[in-house]
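K.L.:
Sequence:
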Amino acid sequence: MNAFFLVGALFLSTGALLKIIGLPLSVILGAASFFMFSRRKEIIVAAMFLMVGAILSLRTPAAGEVLGLVSSLKGKSAVVKNVRVWDGNNWKKIKGHGYAKLNTGGRVYCTGIELRKNRYPEYILSRCYTFPVDLDPLNRMKLYVWEKRENIERLNTLTAKMLISTPDEIANKAGVSHIFAVSGFHIGIYFTLALVLVSSFISNMFVAYPLSLFIAFMLAVQSGPSPSAIRALIFITVWAIFKLIDYPISILNVLGIAALMSLLEDVYIIFSPSFLMSYSGTFGILVSLKNKEKWYLVPFWAYLYSLPFSILFFDRINLLSPFVSLFVSPYISILVASGAVFSLLNILGLENFSRVLFTGLKPLEFPVVKLFQFISRFPAVELHGIYSVVLSFALMVVIVWLTRKRLSRI
Numbered sequence: 001m002n003a004f005f006l007v008g009a010l011f012l013s014t015g016a017l018l019k020i021i022g023l024p025l026s027v028i029l030g031a032a033s034f035f036m037f038s039r040r041k042e043i044i045v046a047a048m049f050l051m052v053g054a055i056l057s058l059r060t061p062a063a064g065e066v067l068g069l070v071s072s073l074k075g076k077s078a079v080v081k082n083v084r085v086w087d088g089n090n091w092k093k094i095k096g097h098g099y100a101k102l103n104t105g106g107r108v109y110c111t112g113i114e115l116r117k118n119r120y121p122e123y124i125l126s127r128c129y130t131f132p133v134d135l136d137p138l139n140r141m142k143l144y145v146w147e148k149r150e151n152i153e154r155l156n157t158l159t160a161k162m163l164i165s166t167p168d169e170i171a172n173k174a175g176v177s178h179i180f181a182v183s184g185f186h187i188g189i190y191f192t193l194a195l196v197l198v199s200s201f202i203s204n205m206f207v208a209y210p211l212s213l214f215i216a217f218m219l220a221v222q223s224g225p226s227p228s229a230i231r232a233l234i235f236i237t238v239w240a241i242f243k244l245i246d247y248p249i250s251i252l253n254v255l256g257i258a259a260l261m262s263l264l265e266d267v268y269i270i271f272s273p274s275f276l277m278s279y280s281g282t283f284g285i286l287v288s289l290k291n292k293e294k295w296y297l298v299p300f301w302a303y304l305y306s307l308p309f310s311i312l313f314f315d316r317i318n319l320l321s322p323f324v325s326l327f328v329s330p331y332i333s334i335l336v337a338s339g340a341v342f343s344l345l346n347i348l349g350l351e352n353f354s355r356v357l358f359t360g361l362k363p364l365e366f367p368v369v370k371l372f373q374f375i376s377r378f379p380a381v382e383l384h385g386i387y388s389v390v391l392s393f394a395l396m397v398v399i400v401w402l403t404r405k406r407l408s409r410i
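Numbering-wise, the numbering used here puts 309 at position 309 of the sequence shown, and it's gapless, one number per residue.
Note that these hints are calculated values from the structure, not bench results. Misleading hints may appear alongside valid ones.
Cβ-Cβ distance ranges computed for the label pairs, FRET-style [what the hints assert, rightly or not]: (1) Lys362 with Ser77: 53 to 59 Å; (2) Pro137 with Glu293: 43 to 49 Å; (3) Lys76 with Val398: 57 to 63 Å; (4) Glu150 with Ser203: 32 to 38 Å.
No residue lacks a Cβ here, since even glycine has one placed at the ideal position from N, Cα and C.
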């Protein structure tokens, strides 16, 4: 069955929405999904994941002291996972992630926690402090990589922002934030570089692939890790596993497994713009590749599939952004590939050399930055409230119909 796991991911999300936004809208979303997947097996998968999603979306208020591990960094804020709350007798683990004002990785201690509805992360953690004690070797290594990440973040260049998946306001106004959301492309570069390097010394692929994946994982940590980086890492890992066992699998199923794993880890991540735009944009790319579209049209399909969520979160459509995406995406891919190599040098301890190389990319970034600034001043269609929701939903229905039609040709 084509895209079996993708169906599960769709209805796992719908199951979460069932609890979060109520039954009526969830039924509408479920019906729209059935429009694309309507066979008996998909119905069984839908019912199972609808129930699982509804259960996983349950959250309860918590109070007291909090311990956790930083899983993502964006500027002076952090996403904290493995959240544990002191209940008076012991540390009790709760579902979900917390948002904290921090700019360092590792273990954190917070004195307050507050549940917020319909948001990701689901909890706000207050009065937080870095608490880097009792870290195992893996987390110590992750902390080392986080510290190296600050070198890239301080550069504040276009390529650096692409690598750490932090689009700025100009990118949002220009309508090209989806380019940053699908920037997990650099994780593929990391894996390829690591595989070439490891394969030069180790010929056994059962050793070379896992070792290369571990190196790619440590480099992905440098990216935040953002949902796009995690999606790319899981995607490559699943692909590598099936490659090692020599078992054919649909590329859409690989994407679906990555989405399922992210949703099972925290269903509320469906409220993350980066998550939705990353997976929808990648889905558009894979569908276009399966239809053997011309390479220069692939960025357009990535833009189209991520457009509903761009409208939903940013309430605007820049009329020039489709053309910008079409022509700029290949050029930006070259910058990201170069930046991936430079960031690898940074991880290996060659910070000064890496900084010089990143600075050397500025002349190549200049025309792209100026283009974004020009596009951001171009009149855009502003949508607010119910209008953005209605248009976003209408586009989703059109995209589902279009996808079903295109996949039926294969």
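K.L.:
Against each hint, give a clear statement of whether it holds in the structure.
P.N.:
Verification of the supplied hints:
no.: 1; hint: Lys362 with Ser77: 53 to 59 Å; in the structure: violated, 27 Å
no.: 2; hint: Pro137 with Glu293: 43 to 49 Å; in the structure: holds, 45 Å
no.: 3; hint: Lys76 with Val398: 57 to 63 Å; in the structure: violated, 39 Å
no.: 4; hint: Glu150 with Ser203: 32 to 38 Å; in the structure: holds, 37 Å
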